[in-house]
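Listed in order, the protein sequences are those of chains A and B. Taking our numbering, the leading residue of the first sequence gets 401, the next gets one more, and so forth. Taking our numbering, the leading residue of the second sequence gets 401, the next gets one more, and so forth.
Fair warning: there could be bad hints in the mix.
Intra- or inter-copy, both count: the list cannot distinguish identical chains.
To be verified - Keeping only pairs whose Cα atoms sit at most 25 Å apart, straight-line, the calculated SDA-like set for lysine to any residue is:
#: 1; residue 1: 541; residue 2: 453
#: 2; residue 1: 541; residue 2: 586
#: 3; residue 1: 623; residue 2: 647
#: 4; residue 1: 541; residue 2: 645
#: 5; residue 1: 486; residue 2: 655
#: 6; residue 1: 623; residue 2: 444
#: 7; residue 1: 486; residue 2: 496
#: 8; residue 1: 623; residue 2: 474
#: 9; residue 1: 623; residue 2: 670
#: 10; residue 1: 541; residue 2: 653
#: 11; residue 1: 623; residue 2: 501
#: 12; residue 1: 623; residue 2: 451
#: 13; residue 1: 623; residue 2: 453
#: 14; residue 1: 541; residue 2: 460
#: 15; residue 1: 486; residue 2: 497
#: 16; residue 1: 486; residue 2: 642
#: 17; residue 1: 486; residue 2: 569
#: 18; residue 1: 623; residue 2: 412
#: 19; residue 1: 486; residue 2: 583
#: 20; residue 1: 623; residue 2: 556
#: 21; residue 1: 623; residue 2: 416
#: 22; residue 1: 623; residue 2: 445
#: 23; residue 1: 541; residue 2: 494
Rather than coming from a laboratory, the hints here were simulated on the basis of the structure. If you're wondering where the values come from, they're calculated on a predicted model, not measured in any experiment.
There are 2 protein chains.
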Amino acid sequence: MSPSAHALFAGEGRIERLSPANRGFAYGDGLFETMRVYQGTLPLWPQHLARLRVGAQRLGVTLPDAAFMQAQIAAMLEGVGAAVLKLLVTRGDGGRGYAPAADATPVWALSLHPLPVVQTDLRLHHCEITLAHQPTLAGIKHCNRLEHVLARAEVVRAGMDEGVLCDSDGRLISATAANVLVRRAGRWFTPPVERCGVAGVLRGWLLAQGLLEVADLSFEDVKNADALALCNAVRGILSVSSFEACRWHAHRETAELSMPLMHAYPMFVPSEVSP
Amino acid sequence: MSPSAHALFAGEGRIERLSPANRGFAYGDGLFETMRVYQGTLPLWPQHLARLRVGAQRLGVTLPDAAFMQAQIAAMLEGVGAAVLKLLVTRGDGGRGYAPAADATPVWALSLHPLPVVQTDLRLHHCEITLAHQPTLAGIKHCNRLEHVLARAEVVRAGMDEGVLCDSDGRLISATAANVLVRRAGRWFTPPVERCGVAGVLRGWLLAQGLLEVADLSFEDVKNADALALCNAVRGILSVSSFEACRWHAHRETAELSMPLMHAYPMFVPSEVSP
């Protein structure tokens, strides 16, 4: 595979260049999905597409025809083993001014990236920036990501692996690019994403399986957790080894939670990781 | 002038295409300024550049060399009478993932647009969407503008001219693309922009002249106002004629507020408007 393969489209046609009048470029007026490729396919595609549709409905963005998208994805993934595929759909091109054109043709992009090395036993930074409450945009994976960019910059500066993000009320929300899973009294909990945060695809799968429950979680709940883990659709479920003064050494619970996931999606079996 | 003239740059060099790996496209990871052109110049350039610098510092974005930007702007404005110039500076190109590269070369764009018809006696819609509190991003003109895009879509659907945006606590913040000025007891007030909203260039000028004061304003304050006006750096000061059940007919106060502005910046004299 060419690790930087990419393709641009306007509606159901291929285009060669991104216009500077693109509304994704101007306002972050779009949505994206970052998906794990396994043996030339996207095992979690139905879930990613479902979230994309919720986002498009929320923003009033027209999606390209799903069958056409799938055909383009299949063409790009031909011969690709393990990788990451990013799909970004913008509202399209538009003039100056915030008003979205009602009939804009969506401009969208596919790009193929190498599968990252999946690291476990993560050391978490406590991010200073907090996530703002915006119910209209919460849950969906839109392209207004400055909060996450600044949070990630903090993690890099701190020399840590990932970061814990709270909202302005001090409630736990997520990591910068993953959902947070908190083990307490024999059960796994994750915060709601109705005020801020992203409804992660793997989070959704764990909830649907009854392996995870939604609960408001404070900072204290995190510190008193029996185990802490992160999950996202590219890396799977990852154990956490430290957060501030807290240390977690036994990751049996995290390994147990990963079992049904690896059974349903063999791409998350560690031995399957290398391309 | 060519009304759609545009130019793209990476640092101090011209480029031909926008990369799909651009972080403005991916995350709205950038800043912009929308400036009024008058007789081939940008009379408010120092104020726009100052705000851009505050934003760049806040986001950790490297700005292109100011002298180089100014030279490119001057070249684009040669022979242009009245117009709007948009400057958009992104953090540059980057791989997948939120982490900003420390040494990214900024990718930036200039685009020239026709001066809009300046409408007065505006009818304002009360936007359903509210602005989220995010002190880290408040005040600066960053490219995460989905809130404003959705607010503007509401205004268009309502068939109105502009929209009033409140924060999640019900406090008045701004219009979708202008600051709000509220006349009460012989003085003009505008809301603070430390929690959300944009520190408009004209708002800043009016404050610096002592013609405007910052105050927390409720919805009731707006309804009980003696006059309501909007201001932005492209259109100047605009009278408001209605907001929900309220009507304002006498715009003497708004006209009075405009006098010193037109004196300092003749581009805002109505007879000077047409290109």
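| query | With identical chains treated as interchangeable, where does the CA-CA distance between residue 623 and residue 445 reach 25 Å or less: within a copy, between copies, both, or neither? | reply | neither (35 Å within a copy, 50 Å between copies)
| field | Within, between, both or neither, where residue 623 and residue 416 count as close if Cα-Cα is 25 Å or less | value | neither (50 Å within a copy, 51 Å between copies)
| field | Status of residue 501 relative to residue 623 across identical chains (alpha carbons, at most 25 Å) | value | neither (48 Å within a copy, 31 Å between copies)
| When no copy is specified for residue 486 and residue 642, does a C-alpha distance of 25 Å or less occur within a copy, between copies, both, or neither? | neither (30 Å within a copy, 46 Å between copies)
| Between copies, within a copy, both or neither: which fits residue 541 and residue 653 at Cα up to 25 Å? | For residue 541 and residue 653, the Cα distance exceeds 25 Å both inside one copy (29 Å) and across copies (45 Å).
| task | With 25 Å as the alpha-carbon cut-off, assign the pair residue 623 and residue 647 to within, between, both or neither. | result | within (9 Å within a copy, 55 Å between copies)
| query | Between the shortest in-copy and the shortest cross-copy C-alpha distance, which are at most 25 Å for residue 623 and residue 453: within, between, both, or neither? | reply | neither (36 Å within a copy, 39 Å between copies)
| query | Between copies, within a copy, both or neither: which fits residue 486 and residue 583 at Cα up to 25 Å? | reply | neither (31 Å within a copy, 50 Å between copies)
| task | Check residue 623 against residue 412 for me: Cα-Cα at most 25 Å, and say if that holds within a copy, between copies, both or neither. | result | neither (49 Å within a copy, 48 Å between copies)
| Can you tell me if residue 541 and residue 460 fall within 25 Å by alpha carbon in one copy, between copies, both or neither? | Answer is both: 14 Å inside a copy and 23 Å across each meet the 25 Å cutoff.
| message | Within, between, both or neither: how does the pair residue 623, residue 451 come out at a Cα-Cα threshold of 25 Å? | response | neither (31 Å within a copy, 40 Å between copies)
| From the Cα coordinates, with 25 Å as the cut-off, is the pair residue 486 and residue 569 best called within, between, both, or neither? | Classified as neither: same-chain Cα gap 32 Å, cross-chain 37 Å, threshold 25 Å.
Of the numbered hints given earlier, the model fails hints 2, 4, 5, 6, 8, 9, 10, 11, 12, 13, 16, 17, 18, 19, 21 and 22; all others are met.
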